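Enquirer: The residues making up each chain are set out below.
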Amino acid sequence: MTAPLAATGLALPGRLEPTDLLVDAPSLVCLVGPNGSGKTSLLHALAGIGAPSSTVRIGGVDCGGAAPAERRRLLAFLPASREAAWPVTVRDLVALGLPAGAAAAEADWAIAALALEEFANRRIDQLSTGERSRALIARALAPKPRLLLLDEPVANLDPLWQLRLMDLLKRTVAAGQTVLIALHDLDLAARYADRLIVMNARRIVADGEPRALIEGDAIRSVFGIQMGKDGWQPV
Amino acid sequence: MKARILLPALLLLLFAASLLTPWSDFAQLWQQDQALALAVLQELRLPRASLALTYGAMLGAAGAAIQALFANPLASPDLTGTTSGAALGAVVTAYLLGFASPLALSAGAVAGALGALLLLLALAGPKAETATLLLAGLAISALAGALTTLALALAPSPFAFYDAYDWLMGSLIDRSLSQAAFAGIPALLTIMLLLRLRAPLDALTLGEDVAISFGYDVRRLRIEIVSLTALGVGACVAICGAIGFIGLVAPIFARRLTGGHPGRAILPAAALGGALLLAADLAVRAAPLGRTLPIGVVTALLGAPFFLWLVAHMRWRFER
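Chains as they are written, first to last, in the working numbering: chain E, 1 to 235; chain Z, 1 to 320.
Heads up, a few of these hints could be off.
[To be verified] Residues of chain E placed beyond 12 Å of chain Z at every Cβ, according to the derived structure:
#	residue
1	H44
2	R57
3	A95
4	I124
5	D151
6	R164
7	I204
8	I214
9	E215
10	M227
[To be verified] Below, a sample of chain Z positions facing chain E; criterion: calculated Cβ distance under 10 Å:
#	residue
11	P8
12	A68
13	A71
14	N72
15	A199
16	P200
17	D202
18	L204
19	L206
20	E208
21	D209
22	V210
23	S227
24	R255
25	P262
[Unchecked claim] Which residues of chain Z face chain E? A partial, calculated answer using Cβ under 7 Å:
#	residue
26	G98
27	S157
28	T205
29	G207
30	F214
31	G215
32	V218
33	G260
It should be emphasised that the hints constitute simulated quantities derived from the structure, not laboratory data. All values derive from a computational prediction rather than experimental measurement. We put the CB at the ideal spot given by N, CA and C, even for glycine.
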């Protein structure tokens, strides 16, 4: 079986030291690390944003040569910014993620998955930040891409929606997609991730089974926090 | 859906009105001398109407593309320095070669527009933020405007001064069919090429990073749009002088027809731009002033209050 994700030469000058990344089975991979550790840069490099020397193969297909319509089925990237430049409706926003000519049912599925039905025809500048976040997440999920790259997807979401989204991402993995997310919530990472990548100073410093990493030294040395009896505490 | 039928119908109606207005004069002439009436239609009315249509359409399409690129409803060919650069290029060419050779004027205007664009890219850089690009565009407009005024002050003769001044205010009158072709053909070609860029421009709604992740080359897109608008607008400015505000106003209404999508708005913006300039030209003819107003003055008189309303409207929206 070809690997869902095989990337080599991922690098961004001054933002990300050269690194390779292999995901050999559909899984939910969480990126954690302090501010400025390179999580967003790693997602950028995978999404082809400013990393010309990298090669990203998704399910054996080289992303570099793919046309926009095909690329939308290969990968989707959700930036940390939850803004849109023009006030389109939620339905139109979700459709922007789909290749031209895609069935309306695909957008409907994503709108339903994030419970946006009642907002579907509302303009996104009339939504709350959390609702707009859900609309933008629906845009990324709509084409059911083989690789989802989400930068802090739970940011702005209420606690219930954080859990709902993580469950939804688990289901997309069960359906054969691979999900890479940058996350600050270590508890969510421990609970949902199949694999944890810890980043620090623009490079990957630890990579493995989430619980082992979180209970081990990696988190303590990178973040300067440890688990006490009242939760996470500064070392 | 309705707009698909209404807009072309409106354009056709305004175009026909532009050919035949004032109707009483034309009907009278037709009864007296059919050959003369046909000559008037072909030599005077047709160039004027087609220039209004193509120049207006060019401004609308260029405005829509530039606003989409900069993700800013206040961007327009006027604001990126394209129009004023083209005007400067044409005035300088006119001093050297006179106003009689449309090809040289077109080349001068396109060169001026491209010069303004290259200066813009040099000042703001190829990956400039919107604010930087708009500021640089403003500075270039001011510079080109000052240089144009200087050129006027140094006019070789009062006649050259008057010709240049008259032309600068924008006019569709007394242009020949071949002059109309010099503006109209590049304009139509440019609009068709701009239409090819609808999808990446729509994707920019999600931000530059997402558009790049879709596989669009945003840097190339930027260069394509600025060069195409320089070419199309430059060719029109060379023949008719600078006409403002249509490139700003038409796209704003066009996006209301496309649910806010900026790229898809290029075609309706072109149709609305053509309709607006045809209507402004009809207004010029109807004005009971004894002499013909320069059409650039009319679009500015109508456009400037709209611009003020827009700025106030945006302020209210953001401060709420």
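Enquirer: Does each hint hold? Answer for all of them.
Expert: Evaluated hints:
no.: 1; hint: H44; verdict: 7 Å, violated
no.: 2; hint: R57; verdict: 15 Å, holds
no.: 3; hint: A95; verdict: 10 Å, violated
no.: 4; hint: I124; verdict: 9 Å, violated
no.: 5; hint: D151; verdict: 9 Å, violated
no.: 6; hint: R164; verdict: 23 Å, holds
no.: 7; hint: I204; verdict: 21 Å, holds
no.: 8; hint: I214; verdict: 30 Å, holds
no.: 9; hint: E215; verdict: 35 Å, holds
no.: 10; hint: M227; verdict: 35 Å, holds
no.: 11; hint: P8; verdict: 24 Å, violated
no.: 12; hint: A68; verdict: 8 Å, holds
no.: 13; hint: A71; verdict: 4 Å, holds
no.: 14; hint: N72; verdict: 8 Å, holds
no.: 15; hint: A199; verdict: 7 Å, holds
no.: 16; hint: P200; verdict: 8 Å, holds
no.: 17; hint: D202; verdict: 6 Å, holds
no.: 18; hint: L204; verdict: 6 Å, holds
no.: 19; hint: L206; verdict: 6 Å, holds
no.: 20; hint: E208; verdict: 9 Å, holds
no.: 21; hint: D209; verdict: 5 Å, holds
no.: 22; hint: V210; verdict: 6 Å, holds
no.: 23; hint: S227; verdict: 22 Å, violated
no.: 24; hint: R255; verdict: 7 Å, holds
no.: 25; hint: P262; verdict: 5 Å, holds
no.: 26; hint: G98; verdict: 45 Å, violated
no.: 27; hint: S157; verdict: 50 Å, violated
no.: 28; hint: T205; verdict: 5 Å, holds
no.: 29; hint: G207; verdict: 6 Å, holds
no.: 30; hint: F214; verdict: 5 Å, holds
no.: 31; hint: G215; verdict: 4 Å, holds
no.: 32; hint: V218; verdict: 10 Å, violated
no.: 33; hint: G260; verdict: 4 Å, holds
In summary, the numbered hints that this structure violates are 1, 3, 4, 5, 11, 23, 26, 27 and 32.
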